[in-house]
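Asks: Dock chain one against chain two, each of which comes alone in its own frame, and use the hints as you go.
Line by line, the protein sequences give chains A and B. Here the first sequence is numbered in the working numbering, starting from 1 and rising by one per residue. Here the second sequence is numbered in the working numbering, starting from 1 and rising by one per residue.
Worth double-checking, as some hints may not be accurate.
[Claimed, not checked] Here are some chain A residues pointing at chain B (derived, C-beta under 7 Å):
#1 ASN189
#2 PHE443
#3 GLY449
#4 LYS465
Calculated directly from the structure, the hints in this document are not laboratory data. Glycine included, C-beta positions come from ideal geometry on N, C-alpha and C.
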Amino acid sequence: MAVSSDTISAVEKATKKYKYGFITDIETEFAPKGLNEDIVKFISKKNDEPSWLLEWRLKAYRQWLKMEKEEPKWANIHFPEIDFQEAYYYAAPKSDEDKPKSLDEIDPEILNTYNKLGIPIKEQEMLAGIVGSGNVAVDAVFDSVSVATTFKSKLSELGIIFCPISEAVKKHPDLIKKYLGSVIPQTDNFYSALNSAVYSDGSFVYIPEGVKCPMDLSTYFRINAAETGQFERTLIVADKGSYVSYLEGCTAPMRDENQLHAAVVELVALEDAEIKYSTVQNWYPGDENGKGGIYNFVTKRGACRGNNSKISWTQVETGSAITWKYPSVILQGDNSIGEFYSVAISNKKQQADTGTKMVHIGKNTKSTIISKGISAGYGQQTYRGLVRMQAGAENATNFSQCDSLLIGKNCGGHTVPYIDSRNPTAEVAHEATTSKISDEQLFYVQQRGLDPEEAVALIVNGFAKEVLKKLPMEFAVEAQKLLGVSLEGSVG
Amino acid sequence: MGTALQIKNLHVEVNNKLILKGLSLNIEHGEMAAIMGPNGSGKSTLASVLAGKEGYNVTKGYIKYLGNDLLKMPPEDRAAAGVFLAFQYPVEIPGVATSTFVRTSLNAQKRNRGEAELDAMQFLKLAREKAKQLEMSEDFFQRAVNVGFSGGEKKRAEVFQMSMLEPTLAILDETDSGLDIDALKIVAEGVNRLRDDKLSGIVITHYQRLLDYLQPDTIHILAEGKIVKTGDKSLALLLEEKGYQGIDGAN
Numbered sequence: 001m002a003v004s005s006d007t008i009s010a011v012e013k014a015t016k017k018y019k020y021g022f023i024t025d026i027e028t029e030f031a032p033k034g035l036n037e038d039i040v041k042f043i044s045k046k047n048d049e050p051s052w053l054l055e056w057r058l059k060a061y062r063q064w065l066k067m068e069k070e071e072p073k074w075a076n077i078h079f080p081e082i083d084f085q086e087a088y089y090y091a092a093p094k095s096d097e098d099k100p101k102s103l104d105e106i107d108p109e110i111l112n113t114y115n116k117l118g119i120p121i122k123e124q125e126m127l128a129g130i131v132g133s134g135n136v137a138v139d140a141v142f143d144s145v146s147v148a149t150t151f152k153s154k155l156s157e158l159g160i161i162f163c164p165i166s167e168a169v170k171k172h173p174d175l176i177k178k179y180l181g182s183v184i185p186q187t188d189n190f191y192s193a194l195n196s197a198v199y200s201d202g203s204f205v206y207i208p209e210g211v212k213c214p215m216d217l218s219t220y221f222r223i224n225a226a227e228t229g230q231f232e233r234t235l236i237v238a239d240k241g242s243y244v245s246y247l248e249g250c251t252a253p254m255r256d257e258n259q260l261h262a263a264v265v266e267l268v269a270l271e272d273a274e275i276k277y278s279t280v281q282n283w284y285p286g287d288e289n290g291k292g293g294i295y296n297f298v299t300k301r302g303a304c305r306g307n308n309s310k311i312s313w314t315q316v317e318t319g320s321a322i323t324w325k326y327p328s329v330i331l332q333g334d335n336s337i338g339e340f341y342s343v344a345i346s347n348k349k350q351q352a353d354t355g356t357k358m359v360h361i362g363k364n365t366k367s368t369i370i371s372k373g374i375s376a377g378y379g380q381q382t383y384r385g386l387v388r389m390q391a392g393a394e395n396a397t398n399f400s401q402c403d404s405l406l407i408g409k410n411c412g413g414h415t416v417p418y419i420d421s422r423n424p425t426a427e428v429a430h431e432a433t434t435s436k437i438s439d440e441q442l443f444y445v446q447q448r449g450l451d452p453e454e455a456v457a458l459i460v461n462g463f464a465k466e467v468l469k470k471l472p473m474e475f476a477v478e479a480q481k482l483l484g485v486s487l488e489g490s491v492g
Numbered sequence: 001m002g003t004a005l006q007i008k009n010l011h012v013e014v015n016n017k018l019i020l021k022g023l024s025l026n027i028e029h030g031e032m033a034a035i036m037g038p039n040g041s042g043k044s045t046l047a048s049v050l051a052g053k054e055g056y057n058v059t060k061g062y063i064k065y066l067g068n069d070l071l072k073m074p075p076e077d078r079a080a081a082g083v084f085l086a087f088q089y090p091v092e093i094p095g096v097a098t099s100t101f102v103r104t105s106l107n108a109q110k111r112n113r114g115e116a117e118l119d120a121m122q123f124l125k126l127a128r129e130k131a132k133q134l135e136m137s138e139d140f141f142q143r144a145v146n147v148g149f150s151g152g153e154k155k156r157a158e159v160f161q162m163s164m165l166e167p168t169l170a171i172l173d174e175t176d177s178g179l180d181i182d183a184l185k186i187v188a189e190g191v192n193r194l195r196d197d198k199l200s201g202i203v204i205t206h207y208q209r210l211l212d213y214l215q216p217d218t219i220h221i222l223a224e225g226k227i228v229k230t231g232d233k234s235l236a237l238l239l240e241e242k243g244y245q246g247i248d249g250a251n
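Just chain B, same shape as in the assembly (with noise of 0.2 Å):
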């Protein structure tokens, strides 16, 4: 095991706005920790800390991922080194099938990296693999990223792009947010399918009911912009039972 990422004292201001307070969060190796947290209380903010978005200004503090000055780093360079945010609303991009999509994405790692492309065939082969242990059917690859997609369709096809570019660092913002229950279960089982001690895991989320589905090693109350309490599976439990009131420092 080990630390893969290691972050300290993080203070994020959005729109000079302070949302992030004296953040700090240490995730092991294989390990899939949950974040949950009041709205407001900056759980997307981190999710696009930790990816790069621009507009986020980080004022004290720092990320370390697998010995890498992550902040340093441009939001490709992160992926390359195995960042990946499955997103809250996943974007359109209208004209590019999501096969162009992936194939592009995943080349562009491995040129980033030094290692060889994958020519079309190798492509279509690999994606095929994945699609098939996804239970997804094929009919996607040539539809446009995202384009007339349903909620399940979209979080599905991030579960998808994962499955492809095999991050060792997953980041999944509110993946269960606009599911229904039968989505959820799909899309909690692909991440599991994904799970090895390779990768470790960030989950947002509000519910209990994807972490039933998931399982996370360890369970981190956001509020305020700081890490409040931190714990095993109980804690969520204890969360659903009694909400953030029941929890010291999250109300």
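So here's chain A without its partners, still in its complex pose (with noise of 0.2 Å):
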């Protein structure tokens, strides 16, 4: 790809910028259009890495270019090509001026679905963006300032690191050197070579050995998630013994000007570590014709390196108008276990390409995945997932069981479940099943005193009940409002 003029210009202009007031003049800062080396390396400069890590982007990069080509087109999904010149890859945080004063100039529509969500005013001004709701936020949502501190010098106490992926490149580079990019390689796939060029911050976690993180990670982040970027970056790591609960993403409607999402999550478990990652996805779908929604094209992979550890993923995947997801677990140790649970919800023109991959490598690993797809509107969603048994997956078991629930005669629910055995000792079970929601139930429901709008949320709570157990409290309650949400004007 030949690099314009124009685009060498702009970088030239920007860090030209960068180099008189970078820290002090954040507002202005700002990548622009399209990708090449220079973005990279201007990414990585504003960011204050190393030189091998500059190396680590550029390499993928280089990746990404040859792979160009090979933009993943086998999952069912469709749109028109993306243009990537034409995208931002860096852009800094709006500046106060650009930002809405008050909730008086949000969208109405936004506000309503916030209201119904039942989420606390000076949040709702939070997650809207309002100017100088920042601080206040942090109390409102945890009461006081002081219950933050007290949360970071409890994890602190404990060793358990908590912070900015940029910031642990600089205080924690050997974990950092050592494990990114250690279970998603950089070239791992389009999508992955992307992100690893261009990501601009993420979270990082570790957790020494023994200890249990005594708290949910991260609901605290709740509002700071708000703008992690359109490519984030996660790297969990359990060592030996230790356990963790992590949580993404947030109810509440988001809306970005970036269209592309492209995250990348990588978690890790040591020896008799226990990993359980749950997250709720509720980005802008579109409207009626699916025009303006998120293309959320992500990567998460867990390993469970160590014997007798495990990696347990939940999702809620409501909102993008595409998603692309396949978060998998790799059972490398003996006695590992893999888990993943999904409810999923495709309705207007939404499209829902996702799964899992349990690949078994150890002796006695033992994997899960439960997956209720949910389709209304125009909706179409896949399951997609692989099991894999290797040769020396002694005992290995397996249990998949994939429901899809139509509502309407538009919509689309698909199964593709693949196989691959290659242990005689091993078990694979697979079950799935499509259902409707009827007439009978509906009306049923009705006559008890529903409208139709709840109705189809309680029989939809019903149908994705085995997996919203799975979730931290907190976020089960909130995700079983968001699934009514979700699905309102999918009936009538």
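Replies: What follows is the structure, given as structure tokens:
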């Protein structure tokens, strides 16, 4: 790809700004449209990164260039080709002048949804990016700043590291060098290569040997997560015998000017360690015609590296115009356990191609897949999963259950399970069902006093219950409401 | 007393076929009316139309309940206005605990009527009380609605829902079907406990059996889409003895 002279001059300008006022004058900071090595260097420099990491990014970028013709086409999703040179890869946070001044300036439709989800006013302001709402909201969400402070000191007492990944690169370079890209190599796939080249920031978690993290990490970051940007990078390492539960995302609807999101999440569980990773994703799905929604192309993978380790993914996917996502587990250690619990909704013109990969390498490894797909409106939903039993996976077992629920006549539900067993002692069981919300069910529930939308919400929550109960309590309550709100307009 | 439900000259089509052909019926506050009739006479159609099920096309006539034009109201508004249908075939809702279902229903009705909703503790207290009255174990609170219930359990669960929702018009659609005599007794006793001067009832049945326990105030024979005969208990006895052939206009 030739670097256009415009881009070069734009980068020159930007880097000039950097020289003179990068740190103090943060509001003027930006990278021009398009992607080339200069942009990658710019982002790396902006994060004040060591040269090894810049090289790491450049390697990813060069690989991505070679892969450009290999943008994955196998998923059951349809969208116009993305012009990667038309996108911005680094933008500074919005200046106060650009931010809305009060909730009055926010789309009433969004406010309406906030109210239905029961989000407090202060938090609504934060989510909507109102000027000056920042510090206040921390108080609103956590009652007082001291709660957040206590939280932080409690974690550091236990030796837990929980910080932006850009900070971890500086403070804990050995850990980052050792684990970054160790589960998902830069060149794993088209979108992970892109992410590796241009990721802006993300979270890093390290739980030391023997430590059980005493709280779910990241409800605290619920708000901050709103501005993590389109190329987020998360790395969680659970050392021997440790435990951590991590929550990602937010039930509140997120609008973002960046249409393309390509995050990478890597989990590493060493011997006897357990990681529980829960996601609620509710990005803007686009309008009735599917216009303007987010493309969510995420690579998530965990490695059960040690014996007796466990990784559990739970996801509630209700947003985005397109979801392409397969949180997976590599079961390397003997007796290790991988789990995937998923609820995904496709309403209006939403498309979701999601599932998991369970790769059994160690002996007596065990995986469970429970996937609940709900399609309504013109939504299309595909479960795509791979269960692979490697030759050494003696006595490994898998159980998969994929249920699809259809609402209305114009949606679709598809199940594409791949099973690849190379060990005769391994057991793989797969169950799948497709059902519709029947008129009888709807009438029965309405006869008891629920309106059609409440009736659908109730039935859908019942359908998804097995997965919802895997979520941490607070998240589960919100997710229940969210399922109802996401399906509004799907009946009647 | 006074009229609670007034059905006048009701004509109803299902799939372009006329099923109810000028049905008229008045039910007083506190009255328990039994509707009997041969298969295909339109008994279940009447129940469905009263509750507001889709697919029933009313071509003529009206239904007034407590002064409301029932046919203009969606099913959930009818429920909030006090109409309860005990289903002939109660529907399964996988994954939804019975207590969750009833609480959601009760609170939706209360919201609809502008009343205060019950919190979890208030609800549980009430549910326990009612279950006790109906001599039901609380085990079924956590079981998914009607999933894996026996025929008898389903019907008892319907009566439990009815006792929780406190309707003013209860329609029992062949509640006795599929019940053995013991289950029938329990269900009938449950319904009898709920009877008072505020509750009107329509009991749709084929059999005298249920009426022995429920002791309706009036009995109506429905045939060919119309009420052809109205009487008291003795009408049911006559029917038991002579069959529908023995009743004028019902054969």
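Asks: Could you run down the list of hints and mark each one as holding or not?
Replies: Hint check:
With a cut of 7 Å, the hint placing ASN189/A at the interface with chain B is violated, because the nearest CB-to-CB distance is about 35 Å. Residue-level restraint check for PHE443/A holds (minimum Cβ-Cβ distance to chain B is 5 Å; threshold 7 Å). Given hint, GLY449/A at the interface with chain B, holds; its Cβ is 4 Å from that chain's nearest Cβ, closer than 7 Å. A distance limit of 7 Å between C-beta atoms decides the matter here; for LYS465/A the minimum to chain B is near 4 Å, and the interface restraint holds.
Of the hints listed earlier, the one the structure fails to meet is number 1.
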